[in-house]
Amino acid sequence: MAVQEQRVPSFSSILIVLSITFYCVGFILVRLELNQLKKRLNDSESVTKTTELPSNDLADSKFINNAPDVRSHEEKITKRNADNAVVGQNKGCMPGTKGPALARDCFDLLKSGHSQSGVYSVDPDGQGRFDVYCDMCTDGGGWTVFQRRQDGSVDFYRGWGDYKAGFGQLTGEFWLGNDKIHRLTACRCSTLRVELEDWSSTKVYAKYGKFDIGDEQTQYRLRVGSYSGTAGDSLSWHNDMAFTTKDRDNDKVIRSGYFTNCAVRHTGAWWYNACYQSNLNGKYLGNHKNDRAVTWRHFNGKYLSMKSTEMKLRSSY
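In the numbering used here, the protein residues as written are -1 to 315.
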């Protein structure tokens, strides 16, 4: 009886089998890694909406056509994931990406879910951001504060340039700046709210259904609408007046014996007529009556100095 010869696999056959085995194992491992990367990418809150992970079909095709490219593709995905995380942390725009638009004012911020009063960045018209203080509590919230007096720590007897740019600290006494107030009111209908407190802690307010100021070419001309509130109407008399400072006289006083500039006479800056029924940027004098004081004529008399004031605006839509 003949003995059948047992064939021994050649070395080349073994290499082929091993290559196929490694190829399949590598394919499975890369697929698992890609799936894990995709899950991390989807779970990451900092990834932009425009970023999409390639589908498994695309990954399979790349692997089948050229296995070494899979590792390169994985590295690119990892790098892109890291770059997108940076975009999320910076909350701005990297080249080739588009970040979220800034709110136009505090009312926009309120509508988007911000309910905490404090300092925020806004951009009313796409011409550049600036910081504002948002009052999210008073009268429904969403108020952009542009003036505050509370302790006399800031000198308000300043020139045109300071009132144009703004001064003080948003969390203390300040004037936001006429350029910024104009930008906030130029594109959207706004309501004005003025809050006053006297030295007996009586608090009142005045509200105007329409409010805006013009640009510098108009000398920041004031326009206010109908009044409502508890303070009395001490601003309508200043309607359609240009802004006056100690170095820019736009009031209606031509000559009044010993002065021609209401801002100089009453140590303030305001939309003076001839001269005022309100002077909220006047001198902070404490519990005294004086024609240079921070005053609102229809609240306890013409010259009563206020303990605190706030002026704020809110867009109507």
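None of these hints come from the bench; they were simulated from the model.
Just so we're clear, the structure is a prediction, and the values are computed from it rather than from any experiment.
Treat the hints loosely; a few may be bogus.
[As the list claims (entries may be wrong)] For each label pair, taking beta carbons as the anchor points, the in silico distance ranges come out as:
| id | residue 1 | residue 2 | range |
| --- | --- | --- | --- |
| 1 | Gly157 | Trp235 | 19 to 27 Å |
| 2 | Asp123 | Lys287 | 39 to 47 Å |
| 3 | Ser314 | Asp238 | 18 to 26 Å |
| 4 | Lys287 | Gly138 | 31 to 39 Å |
| 5 | Ser113 | Gly150 | 30 to 38 Å |
| 6 | Asp153 | Ala99 | 18 to 26 Å |
| 7 | Lys287 | Lys109 | 37 to 45 Å |
| 8 | Ala99 | Trp197 | 38 to 46 Å |
| 9 | Lys109 | Trp197 | 20 to 28 Å |
| 10 | Thr216 | Ser113 | 33 to 41 Å |
[As the list claims (entries may be wrong)] Subject to a maximum C-alpha distance of 30 Å in a straight line, what follows is the list of computed DSSO-like cross-link-like pairs (lysine-lysine):
| id | residue 1 | residue 2 |
| --- | --- | --- |
| 11 | Lys244 | Lys305 |
| 12 | Lys208 | Lys244 |
| 13 | Lys244 | Lys205 |
| 14 | Lys305 | Lys201 |
| 15 | Lys287 | Lys300 |
| 16 | Lys250 | Lys208 |
| 17 | Lys244 | Lys109 |
| 18 | Lys250 | Lys109 |
| 19 | Lys201 | Lys287 |
| 20 | Lys250 | Lys300 |
| 21 | Lys281 | Lys162 |
| 22 | Lys205 | Lys178 |
| 23 | Lys178 | Lys250 |
| 24 | Lys109 | Lys201 |
| 25 | Lys300 | Lys244 |
| 26 | Lys178 | Lys305 |
| 27 | Lys109 | Lys178 |
| 28 | Lys287 | Lys244 |
| 29 | Lys250 | Lys281 |
| 30 | Lys305 | Lys250 |
| 31 | Lys109 | Lys300 |
| 32 | Lys305 | Lys287 |
| 33 | Lys305 | Lys208 |
| 34 | Lys208 | Lys178 |
| 35 | Lys208 | Lys109 |
| 36 | Lys250 | Lys287 |
| 37 | Lys305 | Lys281 |
Glycine is no exception: its CB is placed at the ideal position from the N, C-alpha and C atoms.
Now the hints, each set against the structure:
Take Gly157 and Trp235: their Cβ atoms lie about 24 Å apart, and the range 19 to 27 Å holds. One distance hint, 39 to 47 Å for the beta-carbon pair Asp123 and Lys287, holds here, with the actual separation near 42 Å. The given range of 18 to 26 Å is respected by Ser314 and Asp238, whose C-beta atoms sit roughly 21 Å from each other. Take Lys287 and Gly138: their Cβ atoms lie about 34 Å apart, and the range 31 to 39 Å holds.
Between Ser113 and Gly150 the CB atoms are about 31 Å apart, so this pair conforms to the stated range of 30 to 38 Å. At roughly 37 Å, the beta-carbon separation of Asp153 and Ala99 lies outside the given 18 to 26 Å, and the hint is violated. Taking the beta carbon of each, Lys287 and Lys109 are about 43 Å apart, inside 37 to 45 Å as hinted. A hinted range of 38 to 46 Å for the beta carbons of Ala99 and Trp197 is consistent with their spacing of about 44 Å.
For the hinted restraint 20 to 28 Å between Lys109 and Trp197, the CB-CB distance of approximately 37 Å leaves it violated. For the pair Thr216 and Ser113, the beta carbons lie near 36 Å from each other, so the given range of 33 to 41 Å is met. Of the pairs offered as hints, the one joining Lys244 and Lys305 holds, with about 24 Å between alpha carbons and a cut-off of 30 Å not exceeded. With a CA separation close to 28 Å, the supplied pair Lys208 and Lys244 stays within the 30 Å bound.
Between Lys244 and Lys205 the alpha-carbon distance is near 28 Å, which keeps this suggested pair within the 30 Å criterion. About 10 Å separates the Cα atoms of Lys305 and Lys201, which keeps this hinted pair within 30 Å; it holds. Using a Cα cut-off of 30 Å, the hinted pair Lys287 and Lys300 holds, with the two alpha carbons roughly 8 Å apart. Between Lys250 and Lys208 the CA atoms are separated by roughly 23 Å; this keeps the pair inside 30 Å, and the hint holds.
Proposed proximity of Lys244 and Lys109 is contradicted: the alpha carbons are some 40 Å apart, above 30 Å. Distance hint between Lys250 and Lys109 is unfulfilled; the C-alpha atoms sit about 42 Å from each other, more than 30 Å. Restraint check for Lys201 and Lys287: the C-alpha separation of about 18 Å stays at or below 30 Å, so the hint holds. For the given pair, Lys250 sits about 19 Å from Lys300 by alpha-carbon distance, which is consistent with the 30 Å threshold.
At roughly 19 Å between alpha-carbon atoms, Lys281 and Lys162 fall within 30 Å of each other, so this suggested pair holds. About 20 Å separates the Cα atoms of Lys205 and Lys178, which keeps this hinted pair within 30 Å; it holds. Pair hint Lys178 plus Lys250 holds up; C-alpha atoms about 25 Å apart against a cutoff of 30 Å. Of the supplied pair hints, the one linking Lys109 and Lys201 holds, its CA atoms being roughly 28 Å apart against a limit of 30 Å.
Between the alpha carbons of Lys300 and Lys244 the distance comes to roughly 21 Å, so the proposed pair stays at or under 30 Å and holds. The straight-line distance between the Cα atoms of Lys178 and Lys305 is roughly 26 Å, inside the 30 Å bound, and the hint therefore holds. Between Lys109 and Lys178, the direct Cα distance comes to roughly 21 Å. Compliance with the 30 Å bound is thereby established for this hinted pair. Between Lys287 and Lys244 the CA atoms are separated by roughly 22 Å; this keeps the pair inside 30 Å, and the hint holds.
The straight-line distance between the Cα atoms of Lys250 and Lys281 is roughly 21 Å, inside the 30 Å bound, and the hint therefore holds. Taken as a hint, the Lys305 and Lys250 pair is honoured in the structure, with Cα atoms around 29 Å apart against an allowance of 30 Å. Proposed proximity of Lys109 and Lys300 is contradicted: the alpha carbons are some 39 Å apart, above 30 Å. Between Lys305 and Lys287, the direct Cα distance comes to roughly 12 Å. Compliance with the 30 Å bound is thereby established for this hinted pair.
A threshold of 30 Å between alpha carbons decides the hint, and for Lys305 with Lys208 the separation of about 26 Å falls inside it, so the pair holds. Pair hint Lys208 plus Lys178 holds up; C-alpha atoms about 17 Å apart against a cutoff of 30 Å. With a CA separation close to 21 Å, the supplied pair Lys208 and Lys109 stays within the 30 Å bound. For a cut-off of 30 Å, the pair hint linking Lys250 to Lys287 stands: about 24 Å separates their Cα positions.
For the given pair, Lys305 sits about 11 Å from Lys281 by alpha-carbon distance, which is consistent with the 30 Å threshold.
Checked against the numbered hints given earlier, this structure breaks hints 6, 9, 17, 18 and 31; the rest are met.
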